[in-house]
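Protein chains: 2
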Amino acid sequence: MSVPKKFSIGVDLGATTVKAGIVALNGTIPDQISADAKAKEGPRAVIQQISFVINELLGKSKISECIGIGIGAPGIISAIDGTVNHPPNFSEWIRVDVAKEIRKKFNIPVAIENDANCAAIAEARYGAGIEFKDFLFVIWGTGVGGGIIFNRKIYRGPKGGAGEIGHVSIDYNGRLCNCGNRGCIESYIGQKYLSHRTKEILLGSDRNSDENHLEKLVGGDFSKLEPAIISQAAEMGDPIAINVLEEAGDLLGCALASVMNVLDLDVAVIGGGISAAPAFVYEAIIKSLRARVLTSHKEHIRVIRAKLENTAGIVGAASLVM
Amino acid sequence: MSVPKKFSIGVDLGATTVKAGIVALNGTIPDQISADAKAKEGPRAVIQQISFVINELLGKSKISECIGIGIGAPGIISAIDGTVNHPPNFSEWIRVDVAKEIRKKFNIPVAIENDANCAAIAEARYGAGIEFKDFLFVIWGTGVGGGIIFNRKIYRGPKGGAGEIGHVSIDYNGRLCNCGNRGCIESYIGQKYLSHRTKEILLGSDRNSDENHLEKLVGGDFSKLEPAIISQAAEMGDPIAINVLEEAGDLLGCALASVMNVLDLDVAVIGGGISAAPAFVYEAIIKSLRARVLTSHKEHIRVIRAKLENTAGIVGAASLVM
Numbered sequence: 001m002s003v004p005k006k007f008s009i010g011v012d013l014g015a016t017t018v019k020a021g022i023v024a025l026n027g028t029i030p031d032q033i034s035a036d037a038k039a040k041e042g043p044r045a046v047i048q049q050i051s052f053v054i055n056e057l058l059g060k061s062k063i064s065e066c067i068g069i070g071i072g073a074p075g076i077i078s079a080i081d082g083t084v085n086h087p088p089n090f091s092e093w094i095r096v097d098v099a100k101e102i103r104k105k106f107n108i109p110v111a112i113e114n115d116a117n118c119a120a121i122a123e124a125r126y127g128a129g130i131e132f133k134d135f136l137f138v139i140w141g142t143g144v145g146g147g148i149i150f151n152r153k154i155y156r157g158p159k160g161g162a163g164e165i166g167h168v169s170i171d172y173n174g175r176l177c178n179c180g181n182r183g184c185i186e187s188y189i190g191q192k193y194l195s196h197r198t199k200e201i202l203l204g205s206d207r208n209s210d211e212n213h214l215e216k217l218v219g220g221d222f223s224k225l226e227p228a229i230i231s232q233a234a235e236m237g238d239p240i241a242i243n244v245l246e247e248a249g250d251l252l253g254c255a256l257a258s259v260m261n262v263l264d265l266d267v268a269v270i271g272g273g274i275s276a277a278p279a280f281v282y283e284a285i286i287k288s289l290r291a292r293v294l295t296s297h298k299e300h301i302r303v304i305r306a307k308l309e310n311t312a313g314i315v316g317a318a319s320l321v322m
Numbered sequence: 001m002s003v004p005k006k007f008s009i010g011v012d013l014g015a016t017t018v019k020a021g022i023v024a025l026n027g028t029i030p031d032q033i034s035a036d037a038k039a040k041e042g043p044r045a046v047i048q049q050i051s052f053v054i055n056e057l058l059g060k061s062k063i064s065e066c067i068g069i070g071i072g073a074p075g076i077i078s079a080i081d082g083t084v085n086h087p088p089n090f091s092e093w094i095r096v097d098v099a100k101e102i103r104k105k106f107n108i109p110v111a112i113e114n115d116a117n118c119a120a121i122a123e124a125r126y127g128a129g130i131e132f133k134d135f136l137f138v139i140w141g142t143g144v145g146g147g148i149i150f151n152r153k154i155y156r157g158p159k160g161g162a163g164e165i166g167h168v169s170i171d172y173n174g175r176l177c178n179c180g181n182r183g184c185i186e187s188y189i190g191q192k193y194l195s196h197r198t199k200e201i202l203l204g205s206d207r208n209s210d211e212n213h214l215e216k217l218v219g220g221d222f223s224k225l226e227p228a229i230i231s232q233a234a235e236m237g238d239p240i241a242i243n244v245l246e247e248a249g250d251l252l253g254c255a256l257a258s259v260m261n262v263l264d265l266d267v268a269v270i271g272g273g274i275s276a277a278p279a280f281v282y283e284a285i286i287k288s289l290r291a292r293v294l295t296s297h298k299e300h301i302r303v304i305r306a307k308l309e310n311t312a313g314i315v316g317a318a319s320l321v322m
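Top to bottom, those sequences are chains A and B.
Read in my numbering, the first sequence has 33 at position 33, and its numbers run on one by one without any break.
Read in my numbering, the second sequence has 296 at position 296, and its numbers run on one by one without any break.
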């Protein structure tokens, strides 16, 4: 590994792992590291772990060449004071000024941003969004989240919570979501739901069909019905897998249509684990969007796959201080 | 009438009428006028009518004291070149640079903005939104529209089309909207739907009830079932009128919850004809919103009635050049 002349450090804090990387000005990551986030041990332990990964990276380079540290964290990052508020799955955590703590330890510039926003920024600067001034970034994985890129910058909203597209309701009378609302798109197409829905249809279907690639792929163990497997089965021609993913694309298109109408956007960039789904899922999203958005948007609709995958969080965080 | 020292002229262009007023810096309207918009006679006739009302107002005052002219127009006002695009119910109208035409005639500064955005700006500067830096403005009348106030300014979006909250879908499988989408909130709570729904329930109900104020108010002529009558009947205790309006408030709350989650907003200001509905409708909107928005918004939710009523368009347009 050769450390670039000038670099910044990007930290991607998750509830299980904290990942960090040395990020060059061109968005490449010559070195990265990860550690247990210790989210169940309280804020002090988490800050310790963040410091640890930063220290490891700085140990291999000259701190004088480090422009600063950017941190992506879950939860709402206050647009007013930069504190991290109520990140889900972090214990004893109400409101913590993580950036201040890290600044104290390393005495270099530290910036912090919501993790979905970091990924959106990374796609805007180095990824699939490079050619678009304005787009909606969607994270489609365990949950559904997002970030709004307006005029090549992230739109945080008044308090830093903008972009929560997973909690756009597509049915006022629909499924009960974890958030308490009904019909949130997350409760229809998040990973758990896709797995559950697939299992449900499989159990009610003719399971001896030749095209039942799903059951073969998981060796009959339905607890293994993860989106990656569903995508794989769909590519092999499994009709149930195709059906589940097409339906998910159609529903996502419905939620995105509402958001794109309100925000006057034409382009969606899809990241997160399920964004690896086959091309026909993107076609389903586009078809649904074209049928649903206002006339002024119809011919301009673009839905594209994110480019940076797992590294978007680190790169976006690092670019906060570039 | 006494014309203030410094003033601007606000023009509110609708498909039937063009209204204009002299607007003082404090938002008052010492003089106003209206004329047929001649929307069916093409852009040239419409511009003629706009010029006419401006001329009339300027004839009563010193043009040297006029700071400029602001115009509110339906349709999308291009954020790029200020042209008025496809205003609904205007004939032979594709894309017209109205501001340029008016500037040529009067040789003073002219600004133009979407009419819903004008009303939002007026409420932000002089109306119910004065105390809020950020809020969602909702026009609830024939259709449902809106404007987004972010940091005391209007958020236009990339192309000038932001704020189309009437076309947020609350049911992906729901009612077919004029726009082609399904489940748009406009198709549930716009004036025509409210009248239709009320009639439908009335026809299926026990029409001899003592509480049937609706039927008495319209003298049995169901074509007169307009929202103002429904509101009046509700205030008299008519259970059908109350039911229809409460349901509408609940559904509006569902659409607003999605929008407020995405935009990180806590406050909605409701204008338009139906905003005159009784207080219990606002309570229904708030109840629905509190049940549906993300936890970080719940305790901050405010839904309030707009203040400026019919003059919001003129005042907001005028304030574009202040």
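The set of hints was computed from the structure by calculation and includes no laboratory data.
Careful, some of the hints might be misleading.
Given that identical chains are not distinguished, each listed pair holds provided it fits within a single copy or across any two copies.
Unchecked claim - Below, simulated DSS-like cross-link-like pairs (lysine-lysine); rule was C-alpha separation at most 27 Å, straight line:
no.	residue 1	residue 2
1	LYS133	LYS159
2	LYS133	LYS153
3	LYS307	LYS153
4	LYS192	LYS60
5	LYS40	LYS60
6	LYS159	LYS298
7	LYS159	LYS287
8	LYS153	LYS62
9	LYS307	LYS192
Here the structure is a predicted model, which means the values were calculated and not measured.
A quick look at each hint next to the structure:
1. Within a single copy, LYS133 and LYS159 get their C-alpha atoms as close as 23 Å, and across copies as close as 11 Å, so both meet the 27 Å cut-off.
2. Both within a single protomer and between protomers do LYS133 and LYS153 lie at most 27 Å apart by alpha-carbon distance, with minima of 8 Å and 20 Å respectively.
3. Taking the closest pair of Cα atoms, LYS307 and LYS153 come within 27 Å of each other only inside a single copy of the chain (18 Å); across copies the shortest separation is 34 Å, beyond that limit.
4. Taking CA atoms no more than 27 Å apart as the test, LYS192 paired with LYS60 passes in neither setting, with 40 Å inside one copy and 69 Å between copies.
5. Taking the closest pair of Cα atoms, LYS40 and LYS60 never come within 27 Å of each other, the shortest separation being 29 Å inside a single copy and 73 Å across copies.
6. Within a single copy, LYS159 and LYS298 get their C-alpha atoms only as close as 32 Å, which misses the 27 Å cut-off; across copies the closest is 14 Å, which meets it.
7. In this assembly of identical chains, LYS159 and LYS287 lie within 27 Å of each other by CA distance solely across copies; the values are 22 Å between and 34 Å within a copy.
8. Proximity of LYS153 to LYS62 under the C-alpha cut-off of 27 Å is found in neither arrangement, the shortest distances being 30 Å within a copy and 44 Å between copies.
9. Only within a single protomer do LYS307 and LYS192 lie at most 27 Å apart by alpha-carbon distance; the minimum there is 24 Å, versus 46 Å between protomers.
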